[in-house]
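Trainee: Since the structure of chain F is already known, use the hints to place chains W, Y and R on it.
Given next are the chains, with one letter for each unit.
4 protein chains.
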Amino acid sequence: MPSPGFVPVDATDDVQALNVGLLGYNFMAKAHTNAYKKIPYIFWPPAARPRLHAICGRTEERVAEAARRYGYAGYYTSWEAMVDDPDVELFDNCSAHHMHVEPSIAALRTGKHVICEKPMALTAADARRMRDAARDAKTKHMCGFNYRFVPAVRLARDLIERGLLGDIYHFRTQYLQQSIHDPDRPMRKAPDPASRLAGSQAILGCHAVDIARFLVGEPATISALAPRFVPERRGPDNTPVRIEWDDASIALVEFEQGAVGTIEASRVATGRANSLKWEINGSRGSLAFDLERLNELQVYLVDAPVADVTGFQDVMVTQANHPFSSVWWPHGHIIGWEHAHINELNHLIEAIMSDRDVAPYGATFEDGYRAAVIAEAIAESALAGHRLHVRYDA
Amino acid sequence: MPSPGFVPVDATDDVQALNVGLLGYNFMAKAHTNAYKKIPYIFWPPAARPRLHAICGRTEERVAEAARRYGYAGYYTSWEAMVDDPDVELFDNCSAHHMHVEPSIAALRTGKHVICEKPMALTAADARRMRDAARDAKTKHMCGFNYRFVPAVRLARDLIERGLLGDIYHFRTQYLQQSIHDPDRPMRKAPDPASRLAGSQAILGCHAVDIARFLVGEPATISALAPRFVPERRGPDNTPVRIEWDDASIALVEFEQGAVGTIEASRVATGRANSLKWEINGSRGSLAFDLERLNELQVYLVDAPVADVTGFQDVMVTQANHPFSSVWWPHGHIIGWEHAHINELNHLIEAIMSDRDVAPYGATFEDGYRAAVIAEAIAESALAGHRLHVRYDA
Amino acid sequence: MPSPGFVPVDATDDVQALNVGLLGYNFMAKAHTNAYKKIPYIFWPPAARPRLHAICGRTEERVAEAARRYGYAGYYTSWEAMVDDPDVELFDNCSAHHMHVEPSIAALRTGKHVICEKPMALTAADARRMRDAARDAKTKHMCGFNYRFVPAVRLARDLIERGLLGDIYHFRTQYLQQSIHDPDRPMRKAPDPASRLAGSQAILGCHAVDIARFLVGEPATISALAPRFVPERRGPDNTPVRIEWDDASIALVEFEQGAVGTIEASRVATGRANSLKWEINGSRGSLAFDLERLNELQVYLVDAPVADVTGFQDVMVTQANHPFSSVWWPHGHIIGWEHAHINELNHLIEAIMSDRDVAPYGATFEDGYRAAVIAEAIAESALAGHRLHVRYDA
Amino acid sequence: MPSPGFVPVDATDDVQALNVGLLGYNFMAKAHTNAYKKIPYIFWPPAARPRLHAICGRTEERVAEAARRYGYAGYYTSWEAMVDDPDVELFDNCSAHHMHVEPSIAALRTGKHVICEKPMALTAADARRMRDAARDAKTKHMCGFNYRFVPAVRLARDLIERGLLGDIYHFRTQYLQQSIHDPDRPMRKAPDPASRLAGSQAILGCHAVDIARFLVGEPATISALAPRFVPERRGPDNTPVRIEWDDASIALVEFEQGAVGTIEASRVATGRANSLKWEINGSRGSLAFDLERLNELQVYLVDAPVADVTGFQDVMVTQANHPFSSVWWPHGHIIGWEHAHINELNHLIEAIMSDRDVAPYGATFEDGYRAAVIAEAIAESALAGHRLHVRYDA
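Chains as they are written, first to last, in our numbering: chain F, 1 to 394; chain W, 395 to 788; chain Y, 789 to 1182; chain R, 1183 to 1576.
The shape of chain F in the complex, shown without the other chains (with noise of 0.2 Å):
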């Protein structure tokens, strides 16, 4: 026991508690269980603590070692039944793509609070669906595009909301890997048929498309190519497998307010890691960004208080004046990529909380509709090799 002097402390205290059950246990799971573990001592005093009450997925080896490694207090491998479980509040959708759907819409059925990761779905009909499931339910919905909770990226938006930038001229973006640019080496695993639509723009396009809806507002028109540059790859087992996605997309676009950009996806780009750059320019001051240098906002401002300096700024974008900035650590102090996540459902938490939509900052199942309408205009595209008018369901 203690020694004398020792206070205990009384673990019950005012700040409530929101009961996550998570489906999925990989990469996304990690992430978003890492934000639900920082977030009540990040963020404090915390909106609520997330408890880790259930996680869920189909092999019970793995998901019962997520469990025990994540501290989840125990886990499903239906995820019917954790959608069932009436102590879930906030369901959080970290499955492989083509399980994004179902398990969503059910939540929302059962009243929760539903985050979904990117992309929402694999095609706009099923985003639809999801969308109108969220519309109808009383509870929050996000789509994890969880780059808007990058403080550059917020910065560039407040930047621009304070019209800044003055008229809005060009967008451009890629988001580049190289995940599969060789077409020699075996996949890691076979391609599974319910994903094999699963292309560019499902694995990194959205995200681009969702920067440049956030960012610079609807895409009017799309004019696209998505090439597969291998058509036929090996498996895992060394037997060749045909290939049904792209391994890149290019869309060319027009804003309805005016400006024209691009968007770029590719898993083929040799040499990038995780380079999700983009850049601005308007009549008044321009903008650029790079993923794996995510502290940093590149800044141009055609008022400058001395004339021969000028010169886009390197903005650090961690001074305690910066979006989210200052609950993390002092100027200079730089973050990861994890702490989107963790900024983004503490949004989430604190929608949730204080009743308050997770729109505009957040994105919502509406956001992750249009992407995925978006995501089908450029393949449309692509195939019919003419310009589409981007047309979303009310």
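Hints were generated in silico from the structure; no laboratory data involved. Small disclaimer: the values here were computed from a predicted structure and weren't measured. Worth double-checking, as some hints may not be accurate.
Covered stretches of chain W (in silico footprint by chain Y; criterion: 3 or more residues with CB under 8 Å from a CB of chain Y, positions within the stretch not fixed) [unchecked claim]:
#: 1; segment: 548-558
#: 2; segment: 699-705
#: 3; segment: 711-719
The beta carbon of each residue, even a glycine, is placed where N, CA and C say it ideally should be.
Mentor: Chains W, Y and R only, in chain F's frame:
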């Protein structure tokens, strides 16, 4: 008179002279004249000594001053007269865009070698007439795509030819300037009606198109946008001027050899001074370049000798074993924008004196023609809203 | 209660707990606590589960809040009491600089493992007492030189140990911040008399010293300056305060193995947020690093496979084969400043649980002592105006 | 003969000629001659037309070739003869280091203007003799510290003079090259006994010293190291050569006006081609520069118009309102290393023709002398192991 010991140098030597007649006296004329003056002592011994025979321009006072400034033996105020001058061996067309066609054709027909600045012509039809005239002539012809002669660009071509990048998947380029980003600033001079079509392709984009062709090969299809953000500007006298040019253009390109890419040009890219950037991703490596740091080439090669040391290399392309570099300064003593013109015109003069082809490393009137075809395809696709096949007349 | 299908997880498993007692509740306490909370699910399976047993601070209101915030089981307001608590296995000293010595020694004497933040002590004599106490104890001891656990820094050490740089000629480092650059801004709090000597070495420079020793080895001689640019500042209440610390220090160093270098630290480097830069030049290669871009290591190797492709490589140190990186996120998903602490404390816990040495990759009290000796040598050389030999007591 | 319409230009005009006699025909001679040839059409109308009267070198074959190559009217093989030539008005000393002293003094005594390349002399005593001779002469004198004429360097000086940096705290500079990094590579030529002292200061460091004085002012004290890493190298014939020079030098400097700094020069900095970097931190702002990207100046100003947009600006110093820039090319069309020499020699010629001082923006023999004093102080402090006061003879 010189003191004893002074040994006078006999200026006559084995090096042949080559008489130059230059049309124009502005920015490009300065860059070309500078090149002619430097070639004889930089490329030593030179293939020929360019002799500044005549310069030609409409305004006598200005052309006479240019002749004195640059050391031309004389001047003309009529290009027809200069074209008729049998002493002109190399006709250099640095005039306004709409003056590129007829003087160049006339010079070819009188048996002169011709270099014409970019854009070679404002229509593909005109460019084709120039190309055909060049084909009929026995002389050398060059289109002023000087960026082929930036050492880093030529090194890029070399690395690609040596197969170091493997199969090329992606090419993306932007040529960004901010010359007319401010819609409220009056134009310096009213646009010449004859140049009214001189939009982003003529001013900037054709350079990007030529780099694309130089590094990746022929485009097969084009899908494009060509926005006019500011439909009305103010003239030098503050009166409104209706704008007929585009402010920017962006083309999606499928290349014949399988790569896809974007070619963008903008004159309203606030904060970008003279930024011609491009990136190439291939199955075995990638390259990236920025004209504002033209001494550097970013190179990523998959085949790395040390497994945990991989990344883009910042290659300072000033080593003696780099293209064009041994004649200049020691490693790390950087060259500037003007040096590409010097390397280019020396290439032309060597081709003339040794009767070698200007192609493939130098751009010919065929290349100028093809850039014009692509410029029209961009405009046409932008108007029509669909993908077009690029077709060159034989 | 959970719905059917819910499988509760037995929280008791084979992983041992390790009781932590933490002194301090500010910046560093947050960073360390964050580490203890993340280790069990990031380094999976963990060597031990750190148990947040007690936190200690003088101001009860604040320490009680910190305990609730971070989930400590209880708190102390007397460090002597916490040191006497037999349940504390690992004593973590994150208190103010002048509180590093006695609590750490007392904890060692009661048989606890101890980590003490930098600077270990404000005098070499005190640091020696700590080192000697650590030597006498059977427990593990660590000095919080967390930057050894930045993946790029450890990769640098690995590359050097593998001989890839050849003979090392040069090391130069600057740790630059701008915390007190403005002579007119009142201080946030009056300097504690006990910390009045805490100048640039204590605040920043000891990190630079430790990196120098970690990468290049022991300094043999020191020649230094330690300027006080602003001899009088204003206190929080605007009254003048005479300043006794240096604002910066710069040391010329000869290393025992033959290299020469500079070690600089400044708190008045306007515009530099948290910039710890260093560069190493050896006969076969060079390295360069900047803490503000801590995921990257610049590497130049003389032995290049392609003769015209040489240059500094921008290595993104996030690959699975990079130090500490396999446990974090996929390649290119960058980590932040806090992650070095997590890697560091996991190293300590692994050393404790498997009874391995903290050295050479982790810093011990011997390293903390040596940094203090060097700090005094810098101050002494600055005062004396001559070169000094660095001498450590055995 | 030219066709009708050709108007011959009368080469005689109001611009005065200035006869140049150049000693040397290697690297620097090429850079200077290039400058003389460009000045008349770049700085238009020029203050004078440099006339390439004579070039001088020991080896007749080579000097004769240089004369033909560069267009000198004649040549000398004896510098004494050239100095006696009354037609030489400007004597330009680009010879080997140990040939700087006597010819320059002799030329001053015969009433010539003199520019002497750096290092002005290998000893302070010699440099003082040169300075005294220059003081006695009525003519202009310049020491070839060309980097003062890089636009970004001059802009830096302007910003400092305008007080934008506030009080200067820190200056740090490194001039790094890799010319002799490899201890196993034979030297290209055996070191000339007369140049045996030409170590890092003579080769590189004096440039860094001059930049320090140009931007921050006079050094008051010096503490230094001057290592010889490779005491024995191999000569061109593979025989061992004992090395008497230092491979590098590093000086700690206290400036008279209160700043402290480091001045480092190394010829064994593997991977650094021609990297002269410096950074200045003041109470209101900071500057950073790298000669390998000489068109850019990094500028941080505390007084920012937008509170959350602060950071180092990457100023491309090519705007028409930047120093020396209006005569060159449009904004963003970068200049190279050679242009600093052209700007420098034009400054000298303007000083000569209008009888203005070369100082303070150009370096004089006084500056050359002071650099030599500091070089000796560095060597002396390195040997003595203590801090020295810098003392210039009046």
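Trainee: Would you mind marking each hint as holding or not holding in the structure?
Mentor: Hint-by-hint comparison with the structure:
1. 548-558: With 4 residues close enough to chain Y, the hint holds.
2. 699-705: Satisfied; 7 residues make the cut.
3. 711-719: holds (count 3)
Violated hints for the displayed structure: none, as all numbered hints are satisfied.
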